[in-house]
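Chains as they are written, first to last, in this note's numbering: chain A, 30 to 191; chain B, 631 to 1238; chain C, 26 to 127.
Errors might be hidden in some of the hints.
Claimed, not checked - Calculated cross-link-like contacts (lysine to any residue; reagent style SDA-like; alpha-carbon spacing at most 20 angstroms):
(1) B/Lys660 - B/Asp737
(2) B/Lys806 - B/Arg1171
(3) B/Lys660 - B/Tyr677
(4) C/Lys115 - A/Arg188
(5) B/Lys806 - B/Met818
(6) B/Lys806 - B/Gly824
(7) B/Lys806 - B/Glu775
(8) B/Lys660 - B/Arg746
(9) C/Lys115 - A/Ala187
(10) C/Lys115 - A/Phe101
(11) B/Lys806 - B/Leu1165
(12) C/Lys115 - A/Phe186
(13) B/Lys806 - B/Arg746
(14) B/Lys806 - B/Arg796
(15) C/Lys115 - C/Val102
(16) C/Lys115 - A/Thr189
(17) C/Lys115 - A/Tyr185
(18) C/Lys115 - A/Met104
(19) B/Lys806 - B/Gly1168
(20) B/Lys806 - B/Val817
(21) B/Lys806 - B/Tyr1166
Quick caveat, the hints were computed from the structure, so don't treat them as lab data.
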Amino acid sequence: MTAEAIGFWLVAAVLLATSLAVVLTPNLFHAVLFLAAALVSTGVVFLLLDAAFLFAVQLLLYAGGVITIMVFAIMLTEQLVGERLRQTSRWVINGAILAAAVFVGVLGFVVRSARPARPPAADRTADLARALVGPFAAPFELLAVLLVAALVGAIYFARTED
Amino acid sequence: MSATDHALHVLALPFAAFVILAVLPWLRRKGRAAGWLSIIAVAVALYRALTVWAGGGRGEATWAWIPADGGPIATVGVLVDELSAAMLVLVTLVSLLVQIYSLSYLDRETPPALGRYYTYQSLFAFSMLGLVLSPSFLQMFIFWELVGLCSYLLIGYWYDRPSAARAAVKAFWITKLGDLGFVVGIVMLWASTGTFEFGALFRMAAERTLPAAGLGLIMVLIYLGAVGKSAQFPLHVWLPDAMEGPTPVSALIHAATMVTAGVFMVTRAMPLFRLVPDVLALIGWVGAFTALLAATMACVEGDIKRVLAYSTVSQLGYMMAAAGAGAADAGFFHLLTHGVFKALLFLAAGAVIHAVGTNDIFRMGGLFRALPQAGVVFIVGTLALTGVPPLAGFFSKEAVLAGVWEGRMTGPFLMLALTAFLTAFYMFRVIFIAFFGRAHAESHPHDAPPLMAGPLWVLAGLTVAIGLRFVVAGAGEHHGPGWLAPLSIGLALAGFLLATAMYQRRLLEPARLAAVFPLNVLDVMARHRYGLDALYAGLYRALILGFSRLIGWIDRYLVDGLVNFGSAWTLRAGDLLRRIQSGRAQDYVYGVAFGVLLLFVWAQWVRR
Amino acid sequence: MGAPGLHAYLVLAALVFAIGLFGVLTRRNAIGILLGIELMLNAVNINLVAFARFNADLVGLVFTLFTIPITVAEVGVGLAIIIAIFRARKTIEADHLNLLRG
Chain A
30 MTAEAIGFWL
40 VAAVLLATSL
50 AVVLTPNLFH
60 AVLFLAAALV
70 STGVVFLLLD
80 AAFLFAVQLL
90 LYAGGVITIM
100 VFAIMLTEQL
110 VGERLRQTSR
120 WVINGAILAA
130 AVFVGVLGFV
140 VRSARPARPP
150 AADRTADLAR
160 ALVGPFAAPF
170 ELLAVLLVAA
180 LVGAIYFART
190 ED
Chain B
631 MSATDHALHV
641 LALPFAAFVI
651 LAVLPWLRRK
661 GRAAGWLSII
671 AVAVALYRAL
681 TVWAGGGRGE
691 ATWAWIPADG
701 GPIATVGVLV
711 DELSAAMLVL
721 VTLVSLLVQI
731 YSLSYLDRET
741 PPALGRYYTY
751 QSLFAFSMLG
761 LVLSPSFLQM
771 FIFWELVGLC
781 SYLLIGYWYD
791 RPSAARAAVK
801 AFWITKLGDL
811 GFVVGIVMLW
821 ASTGTFEFGA
831 LFRMAAERTL
841 PAAGLGLIMV
851 LIYLGAVGKS
861 AQFPLHVWLP
871 DAMEGPTPVS
881 ALIHAATMVT
891 AGVFMVTRAM
901 PLFRLVPDVL
911 ALIGWVGAFT
921 ALLAATMACV
931 EGDIKRVLAY
941 STVSQLGYMM
951 AAAGAGAADA
961 GFFHLLTHGV
971 FKALLFLAAG
981 AVIHAVGTND
991 IFRMGGLFRA
1001 LPQAGVVFIV
1011 GTLALTGVPP
1021 LAGFFSKEAV
1031 LAGVWEGRMT
1041 GPFLMLALTA
1051 FLTAFYMFRV
1061 IFIAFFGRAH
1071 AESHPHDAPP
1081 LMAGPLWVLA
1091 GLTVAIGLRF
1101 VVAGAGEHHG
1111 PGWLAPLSIG
1121 LALAGFLLAT
1131 AMYQRRLLEP
1141 ARLAAVFPLN
1151 VLDVMARHRY
1161 GLDALYAGLY
1171 RALILGFSRL
1181 IGWIDRYLVD
1191 GLVNFGSAWT
1201 LRAGDLLRRI
1211 QSGRAQDYVY
1221 GVAFGVLLLF
1231 VWAQWVRR
Chain C
26 MGAPGLHAYL
36 VLAALVFAIG
46 LFGVLTRRNA
56 IGILLGIELM
66 LNAVNINLVA
76 FARFNADLVG
86 LVFTLFTIPI
96 TVAEVGVGLA
106 IIIAIFRARK
116 TIEADHLNLL
126 RG
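All chains, full assembly: derive it from the sequences and hints.
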């Protein structure tokens, strides 16, 4: 068993465990922390797939950005409510059945698809950079516009009435 | 100019008058001016018709009408021969006299109504002329329907009277019943021969190349049209009711011209009818029976116009009987003379009605002194109708009787002889009750004004003149056995004597005579018109009501039921579907996930 | 047992996706639903990167690079909306947010 295989199974186990914890833990704050762990695990999966740059992006944006926003949001609402946010689940059985069915459906496709051989590893970061300023330059700029719009929109929604 | 050109002019003149009156409302609303326009048109047409008749020319001019692969399906045109030339003269003459007469008879009408009347009259003249000039069954059928339409319009001329409107509808319905047979018959004939044209059909009949299969049925169906139009039993019920129209209309349409269209058609198509002797026998028997039946009903009728209407039905039966016995020329001869003297009788009755303001003969009486002109011409007409020599009716009636006798149809002959007796009886009954007898004090009738008297005297003169002409020249080829003339005169005399005894001399009390068996049964039955009117009314009502009930039931329970069912279920389904819209986003995610699952299933297991 | 192939990554992503879907379906709290959505998006990202790796294709990586910022923007706007709703309704229980009810 190669080191990579060991790493994959380990990361997979961590990712699945933290994901389950995200959707099952009653404490919302803990759930967010588990989400952070899951996101980091995903980053590690990226690393296993030789996408080091994406690993960095994942850490910066998700773990650094999203989680921070969420923690802020939770603390803000808790402060407003004046009590700890608990979360409960409803229709757990129905949700589990449907989610399992969707998983089986996807699995059907996966099983039936071809199994390509793993090409030799290569660092694609430079290629990625060239692609972003080459053929994908326009979408990249549009992404910047989107982010600005989202920022403005978020401020507009969240501001108090005054 | 050839005969066909003249005939086309005869046809075009009333049509032009009709079109002018139809498209120029200001002229139509002038009333009398419209009348004069129509009269002038028909007067010129009469002149042209006389030219055609005197010229004695024959000819046929046709134009292709319905084009199709392999030649036109149908043609239109004019067919001029002795038959149509004589009809042209009769139609234009009676039309002219009736239209002149109407100017005075309808003097109390408002100008727009009078204009409408003359518009219809022009249309009728055109239609009737087109009918008699038809060279093919198809054209004849079209004009056949047109005269039916004019008849409907003119019976319902006083359409604000419910009885007139009802009578118009009744006439329309019942004649349509016969027309249905007519149109089916000519279409079947076309299907088996491929032509509507008389010329081609008669050639085939002469060469014995006409397909014999089904010809009997076809001819019976065509004859059905004549049954409706010429008021033969059992479709005769509309004609007495048609008397709701103005009297000149009755004289023109329901005595002299339109009702004879059936006889004319049978005469015209005689080469075809000859191929099927059974149908001819049927025509003869039905005609004779109609003659007798109508005569009995005329004997108990109190309305002067209805008596004449039954008399018309009876005489049409005579003509049909002659045609059925193979003596179509005798029937046609009777058609012509009857057209003249029956128009005379109707117009004279119209003069009486105009003077006294009622149709009921029992409210008349002693009118001969007050209305000498009307009385004299009425008596002339009556003598002609009862077949007294030397008037026109004598010769034609004798020709009919001789034709039927020679046709070896003893039964119809006996019925017709009995009818001759009854004819004399009921006509003199009317004369004695209305013109003689005790005068009613309250009425002060005035005699016919010149515009009415003129046509009366012209027709009376013609009645006499035609008769005298045959006294000089000898009439037709149907003389019959030597005892026939004395018999028919004797029958007429017997009818006259009975009427005298009952209504003039008061030797016999009519009520007591009517109470004797079997006359009492006949009396009651005739007064109830043998139940036929009631039967038709009942059938009509039952059919219409039954149909309406059926439609009502379908509408109420099937259509409404479906609609209500649909709306109720729409409501309920909407209520059910509304609950899906819970407003909770997660429920919608369930929907999305479920849809994705369905897509997966479809993509993986179904699509392969 | 050799190095994990493409299928191993795809199955892992599918599992994470199903878990995220479960979270979206069952959580009552709006922020909890948002967390589930994040998991589902991550699963998609894993897929994209895995395909890019095994097919030696650059586009998957580029797409992932686009998805991550878009997700971040979505989270930002989503949280802003949640806070706005919370101000208006004093709750972020998804069961109570049924203004769309028919």
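Here's how the hints hold up against the structure:
For the hint pairing lysine 660 of chain B with aspartate 737 of chain B, the CA-to-CA distance comes to about 13 angstroms; that is within 20 angstroms, so the pair holds. A distance of roughly 17 angstroms separates the Cα atoms of lysine 806 of chain B and arginine 1171 of chain B; the hinted pair therefore holds under the 20 angstroms criterion. Restraint check: the Cα-Cα separation between lysine 660 of chain B and tyrosine 677 of chain B comes to about 26 angstroms, which exceeds 20 angstroms; the hinted pair is violated. Distance check on the hinted pair: lysine 115 of chain C and arginine 188 of chain A sit about 16 angstroms apart at the alpha-carbon level, within 20 angstroms; holds.
Only pairs whose Cα atoms come within 20 angstroms are accepted, and lysine 806 of chain B paired with methionine 818 of chain B is accepted, the gap being roughly 18 angstroms. For the hint linking lysine 806 of chain B to glycine 824 of chain B, the alpha-carbon distance of about 25 angstroms lies beyond 20 angstroms, and the restraint is violated. Our distance criterion of 20 angstroms between C-alpha atoms is met by lysine 806 of chain B and glutamate 775 of chain B, whose separation comes to about 9 angstroms. Annotation: proposed proximity of lysine 660 of chain B to arginine 746 of chain B holds, straight-line Cα distance about 10 angstroms (limit 20 angstroms).
Under the criterion of a C-alpha separation no larger than 20 angstroms, the hint pairing lysine 115 of chain C with alanine 187 of chain A is consistent with the structure, at around 14 angstroms. Of the pairs offered as hints, the one joining lysine 115 of chain C and phenylalanine 101 of chain A holds, with about 18 angstroms between alpha carbons and a cut-off of 20 angstroms not exceeded. The straight-line distance between the Cα atoms of lysine 806 of chain B and leucine 1165 of chain B is roughly 18 angstroms, inside the 20 angstroms bound, and the hint therefore holds. In summary, the hint linking lysine 115 of chain C to phenylalanine 186 of chain A is supported, as the alpha carbons are separated by about 15 angstroms, within the 20 angstroms threshold.
Taking the CA atoms of lysine 806 of chain B and arginine 746 of chain B, the gap is near 24 angstroms; set against the 20 angstroms cutoff, the hint is violated. Proposed proximity of lysine 806 of chain B and arginine 796 of chain B is supported: the alpha carbons are some 15 angstroms apart, at most 20 angstroms. Under the criterion of a C-alpha separation no larger than 20 angstroms, the hint pairing lysine 115 of chain C with valine 102 of chain C is consistent with the structure, at around 19 angstroms. Proximity of lysine 115 of chain C to threonine 189 of chain A is assessed by CA-CA distance (about 14 angstroms); at most 20 angstroms being required, the pair is judged to hold.
Of the pairs offered as hints, the one joining lysine 115 of chain C and tyrosine 185 of chain A holds, with about 19 angstroms between alpha carbons and a cut-off of 20 angstroms not exceeded. At roughly 15 angstroms between alpha-carbon atoms, lysine 115 of chain C and methionine 104 of chain A fall within 20 angstroms of each other, so this suggested pair holds. Pair hint lysine 806 of chain B plus glycine 1168 of chain B holds up; C-alpha atoms about 18 angstroms apart against a cutoff of 20 angstroms. Of the pairs offered as hints, the one joining lysine 806 of chain B and valine 817 of chain B holds, with about 16 angstroms between alpha carbons and a cut-off of 20 angstroms not exceeded.
With a CA separation close to 14 angstroms, the supplied pair lysine 806 of chain B and tyrosine 1166 of chain B stays within the 20 angstroms bound.
Violated hints, listed in ascending order, are 3, 6, 13; each of the other numbered hints is respected by the structure.
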